[in-house]
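4 protein chains.
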Amino acid sequence: MIIFIRTDATLDQRAELRHALAAEGARGPLGTLPLGTGDVIGVDASMLTRSGRERISRMHTVDHIVSIKTPYKLANLAASKQPTRVHVGGVIFGGGGIPPIVAGPCSVETESQIIESAQAAKAAGAKMLRGGAFKPRTSPYAFQGLGVAGLKLLARAGEITGLPVVTEVMEPGMVDVVAEHAGMLQIGARNMQNYSLLVAAGYSNKPILLKRGPSSTIEEWLLAAEYILSTGNPQVVLCERGIRSFDSMTRNVLDVAAIPLVKSLTHLPVISDPSHGTGRRELVHPMSLASIAAGTDGLILEMHPRPDESLSDAAQTIDPALLQKIVKDAYALHFAMGRSNDFSCRTDNIDIVHESLPLETVGLQSK
Amino acid sequence: MIIFIRTDATLDQRAELRHALAAEGARGPLGTLPLGTGDVIGVDASMLTRSGRERISRMHTVDHIVSIKTPYKLANLAASKQPTRVHVGGVIFGGGGIPPIVAGPCSVETESQIIESAQAAKAAGAKMLRGGAFKPRTSPYAFQGLGVAGLKLLARAGEITGLPVVTEVMEPGMVDVVAEHAGMLQIGARNMQNYSLLVAAGYSNKPILLKRGPSSTIEEWLLAAEYILSTGNPQVVLCERGIRSFDSMTRNVLDVAAIPLVKSLTHLPVISDPSHGTGRRELVHPMSLASIAAGTDGLILEMHPRPDESLSDAAQTIDPALLQKIVKDAYALHFAMGRSNDFSCRTDNIDIVHESLPLETVGLQSK
Amino acid sequence: MIIFIRTDATLDQRAELRHALAAEGARGPLGTLPLGTGDVIGVDASMLTRSGRERISRMHTVDHIVSIKTPYKLANLAASKQPTRVHVGGVIFGGGGIPPIVAGPCSVETESQIIESAQAAKAAGAKMLRGGAFKPRTSPYAFQGLGVAGLKLLARAGEITGLPVVTEVMEPGMVDVVAEHAGMLQIGARNMQNYSLLVAAGYSNKPILLKRGPSSTIEEWLLAAEYILSTGNPQVVLCERGIRSFDSMTRNVLDVAAIPLVKSLTHLPVISDPSHGTGRRELVHPMSLASIAAGTDGLILEMHPRPDESLSDAAQTIDPALLQKIVKDAYALHFAMGRSNDFSCRTDNIDIVHESLPLETVGLQSK
Amino acid sequence: MIIFIRTDATLDQRAELRHALAAEGARGPLGTLPLGTGDVIGVDASMLTRSGRERISRMHTVDHIVSIKTPYKLANLAASKQPTRVHVGGVIFGGGGIPPIVAGPCSVETESQIIESAQAAKAAGAKMLRGGAFKPRTSPYAFQGLGVAGLKLLARAGEITGLPVVTEVMEPGMVDVVAEHAGMLQIGARNMQNYSLLVAAGYSNKPILLKRGPSSTIEEWLLAAEYILSTGNPQVVLCERGIRSFDSMTRNVLDVAAIPLVKSLTHLPVISDPSHGTGRRELVHPMSLASIAAGTDGLILEMHPRPDESLSDAAQTIDPALLQKIVKDAYALHFAMGRSNDFSCRTDNIDIVHESLPLETVGLQSK
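Residue numbers (numbering that gives the first Met the number 0), protein chains in the order written: chain H, 0 to 366; chain P, 0 to 366; chain Z, 0 to 366; chain V, 0 to 366.
So here's chain H without its partners, still in its complex pose (with noise of 0.2 Å):
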């Protein structure tokens, strides 16, 4: 069950409410997510007697109380009046502005290589930098990245740029030097699962992108988000990334049905990524858009100065000028479906969008 907790409850009263749960018998880690108006807790009420939960319910800290049937609580839509905004620098996920396109080179390789990289990224039309240091590869000979060196490269070339970065934390032990560089910390798809690693992120109050696992069901991803969100960070930034299928043809195969859906069943941000989603750099543009379409809250995307050069993931790498096309034709679909006027936080990302888009170019009026 969630308890919404009253909006003048002081800290004293919420202590006061989370000992009578525990004497209650609710079990679990008890998480809090401040979401506007009010507090809210996840609670597992299953231990809960009836009168027990009455008790709880007339305590004066308690607004209100809504019982759960899914197995996630805290990012199941209910939980919030409002899509989750997650802001990493100037940047916004979710509630309905501009999606922003993540871009940069699947690996950190040279200084000159990552710095190339961020200013192309910025000069498309890219909002924040991606690149690895820690790189997860499924065999033990491949280049495993240069790791902490970078994490300090890829962090020099956010701030030459001023583009935030998002770059993988691959365990627990190295959550605090990869939050020291970065703006937001991805948990990867074969780390989706990685119960410690999601808490240790989760406690490090940064904001995390969390992609899909490869053959992780919608109920299992929201399920991890909760991982994070019950260590009380609420900044989750979900990542529909490709599920494996039964066709070599491609990498994955990206599930474009899960952005809707997704965002049917919880108030986080979901974002796409058609890199990995297919593995071939010529459907990363149609997918791109594909996602768009479907109502994505931002797209991460693999671009390298030289893709064939790539040290890895080359053969879905795209170059800076592929990279414009699809910020263009991205943003062009998005006014074409009338959304960016429905928010609140319009305003701004227009203003981020008239940087750097000539619209016109794409057939479509200023407004």
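Since the hints were derived computationally from the structure, they do not count as laboratory data. It cannot be assumed that every hint is accurate.
For chains that are exact copies, the list does not tell them apart, and a pair is met inside one copy or across any two.
[Claimed, not checked] Computed cross-link-like contacts, SDA-like style, restricted to lysine to any residue with a CA-CA straight-line distance of at most 25 Å:
{"#": "1", "residue 1": "Lys121", "residue 2": "Val198"}
{"#": "2", "residue 1": "Lys80", "residue 2": "Ser138"}
{"#": "3", "residue 1": "Lys121", "residue 2": "Asn251"}
{"#": "4", "residue 1": "Lys80", "residue 2": "Ala154"}
{"#": "5", "residue 1": "Lys151", "residue 2": "Ala122"}
{"#": "6", "residue 1": "Lys327", "residue 2": "Val174"}
{"#": "7", "residue 1": "Lys80", "residue 2": "Thr230"}
{"#": "8", "residue 1": "Lys327", "residue 2": "Ser263"}
{"#": "9", "residue 1": "Lys324", "residue 2": "Leu264"}
{"#": "10", "residue 1": "Lys324", "residue 2": "Met336"}
{"#": "11", "residue 1": "Lys121", "residue 2": "Pro70"}
{"#": "12", "residue 1": "Lys324", "residue 2": "Arg338"}
{"#": "13", "residue 1": "Lys80", "residue 2": "Glu281"}
{"#": "14", "residue 1": "Lys80", "residue 2": "Gln323"}
{"#": "15", "residue 1": "Lys324", "residue 2": "Gly337"}
{"#": "16", "residue 1": "Lys324", "residue 2": "Ser263"}
{"#": "17", "residue 1": "Lys324", "residue 2": "Glu308"}
Position chains P, Z and V against the provided structure of chain H, taking the given hints into account.
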């Protein structure tokens, strides 16, 4: 290998070529595909000796020969200089024109139901009518369709509204009667590898809508199309309708990336079926738009005047109002991507669209 | 629901029952399954009112009525007091006897090849001959089988060796000619949901071997069997032959657990096809033994006198020596599990086994 | 490539070889695998020039070099002349001996529960104890295990019964404490590609039980093993535990064919987990036998004194009586296949078996 025949080859010369091929040991059904500037024959060259191949290539009838490594020869992109356009009445699939939208109920239920459906489909902007008379049902105890009586009702609804009709044929012995009443024959997903049916449908010389099997690879799908093409019938439209996956939250996973991928492999048009591809009514709109963004040559949608009363597939059936919204939004996207200007079939289709689309309402100027 | 008919019901009384059911609104094809002590009718009761059901249950013809929640009624375990035994010539599938082993080439290629195959199969201990005359091939350019000429060769090989034959039928119009030459009709995996074919094959009154579709759920498979049973033909053998998965290292994943699972759901026998289930010759022996250990009612194996010369499926085809080893080891396992003692059909089968199995060589005493 | 080192190579010579390899540009973690007659080093040779390779091969330390096309070098069958035997206490996995059976509850719940479980496991013929102290649970609200307290209880149950214990470790930081209390570390299916954990576990020098990820290919699984082997720890046991498929009737599909397939690719032992592989209690017995028939090097089974009271995985947990039946039937099958005679480790194991197995009761003579 594919043999391109000279434009001026006579019927006698063609017969001579066929005899020469047989004498040299070419195997399998020899399909002929009339593709504009000259004809084309697909041949399994695996039994041809090098000298046999040279003898064939020196014949006057033969313009040139192309070796094809892919197992599908006639469906291969290389087999045609231009995208194939499939005509059903005045409706054109493929070739870059405005993608037609096909709509109608899962099953033909009653005369009034199918006529009302056809009128609602037309009013909403659909260009073609769908409806099942013979229904492949997983359970023998589920409603199996009205059969020939349903075919006649469907044909009548088509005549009243002027919409061409497409309907499924389930066995070779029924091809003739279905071809008599429908403008286009559908091969359903369960029958994608029912080779007797593919060949029988091909020989009807009707346009064929070939759905992808729920666990078929792209290559198997194109090879199924090859069966039809090998009868000499070039009018095949492919239809992506979702693949089977591990998550039961949707009926299937609509493989949107299959649309651009298939278009890079074949000259045949490919359309999208978001109704079966998701199985959920609320996902039909976003996945229709995603398909358009990915470059689909058309949409096929289950629509019923009163969806909840459908005898089959109610959960994925939309109502006329939502169909109208999808048509408008789909065409707004299509124009936003600047696609309609690129193709010669533009003029006709623009006219068709002008009738039904108040483009201004979706924020676009008419051109 | 399933209606159990009194043993002494006359044909007139049965007709009266059918009319009453129709009048009360029972829907769908009404199958009849003669199962020993009395007959049984499967009815879709979803349209029956409570009073309608009561009227039916009070009819003299009706012994009792069982409500079935599962969608398959006739295939349901509850529909029969005993496991169904399917007889093909003297060979018995099901009922707990020694599991028969069916063997033979993928395709009938020549007269000498099929006769040699049949003789090798018999010598190795197989009890039945398989061989394809009509071959469903993914590519229209692959060898499609010899057709009716192949059927006749297969039948002749059966006569010479005394082995009953099973062969695939691919379209309703060919059921009669295949039934004329074969003891058992096979419905292939690609056609598992070809409902016209299921019904046509059912009406032949021949025993049917129904392969599981490569991405069919257990329930869909049992519902496909239900189509056959609903024609009144109770002689259905299910065949697990591997499901499609994400790893291309094997052709399919043989779902061994489906064997005991299906046996807990239906009274029909289920056999295993490790040849298609793995696609790799070297896995046929271990997976045959695994299937026996899991309780299969039989094996069907692709065997060719010279496997590397097979026109189709060479990679998964074993030679006669390996077949002989599989037969011996399979029966050694069967006896080691003490299974043969439990069933009344034991005596006959033990005799059959005694002919060909020097049990001492596998460390077991003859009993 | 794999470098086989001469038996008489000194530590200094080995260090010299490593330096030479680094100087020539060999990349990745260099694993060493002590495999009997001589040692072996796996090297990523993709950066080696031809002349560099020649220089290496001429060094005195190098016996010979084998080029390996497969991406896993140390796990490759070619890397070892003999099957690897993994020792945990007196229990041996691999090498063709009698396959040990590991049993115990999903989770350690209380002291009495785990001690009672251990005693029941031993009495039933199991040779090793399993039990989860740290539980990876899909939901953060599910029981997460007792943690270090659970580890201690598990170790105590092992001491009392003399059974070695295996338990899961979920994060690198916990490897030390788990290794202190357990004889073998388990890497769970969700963590199969948690590379930090694989490497940390490898460096513990404890034997590792590596479960296959639910959607991992065989190659990915062997590459995960390669991560552990590359730390110099050769004691890896693979565990097939079912793959994810489209049918929800079973929790997973136990890929029995993976057992013989993996054994044809690697020298490492592979065991089977029919509990997770099916998720259904009634399928554990037949799938245990199927795994034995397919050649598994062991079984791991979830067993609880009172299965219905399990805090986790109750649906797939068997009781002691069924465990005893599985042990007996499994060994009867093993003997029926004549397998125990082929291997040098036979004598010890036969003794072990003699203690607990009244073979006569399953129709076999003691040898």
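Evaluation of the provided hints:
1. Lys121 with Val198: neither (32 Å within a copy, 37 Å between copies)
2. Lys80 with Ser138: between (45 Å within a copy, 23 Å between copies)
3. Lys121 with Asn251: For Lys121 and Asn251, the Cα distance exceeds 25 Å both inside one copy (28 Å) and across copies (38 Å).
4. Lys80 with Ala154: For Lys80 and Ala154, the Cα distance exceeds 25 Å both inside one copy (35 Å) and across copies (49 Å).
5. Lys151 with Ala122: within (22 Å within a copy, 58 Å between copies)
6. Lys327 with Val174: neither (35 Å within a copy, 48 Å between copies)
7. Lys80 with Thr230: within (20 Å within a copy, 50 Å between copies)
8. Lys327 with Ser263: Between copies, since 23 Å is at most 25 Å while 27 Å is not.
9. Lys324 with Leu264: Answer is between: at 23 Å across copies they meet the 25 Å cutoff, but 32 Å inside does not.
10. Lys324 with Met336: both (18 Å within a copy, 11 Å between copies)
11. Lys121 with Pro70: Neither. Shortest intra-copy (40 Å) and inter-copy (37 Å) distances fail the 25 Å Cα cut-off.
12. Lys324 with Arg338: both (20 Å within a copy, 15 Å between copies)
13. Lys80 with Glu281: between (40 Å within a copy, 21 Å between copies)
14. Lys80 with Gln323: neither (35 Å within a copy, 30 Å between copies)
15. Lys324 with Gly337: both (20 Å within a copy, 13 Å between copies)
16. Lys324 with Ser263: between (30 Å within a copy, 19 Å between copies)
17. Lys324 with Glu308: within (21 Å within a copy, 45 Å between copies)
Taken one by one, the earlier hints fail for this structure at numbers 1, 3, 4, 6, 11 and 14, listed in ascending order.
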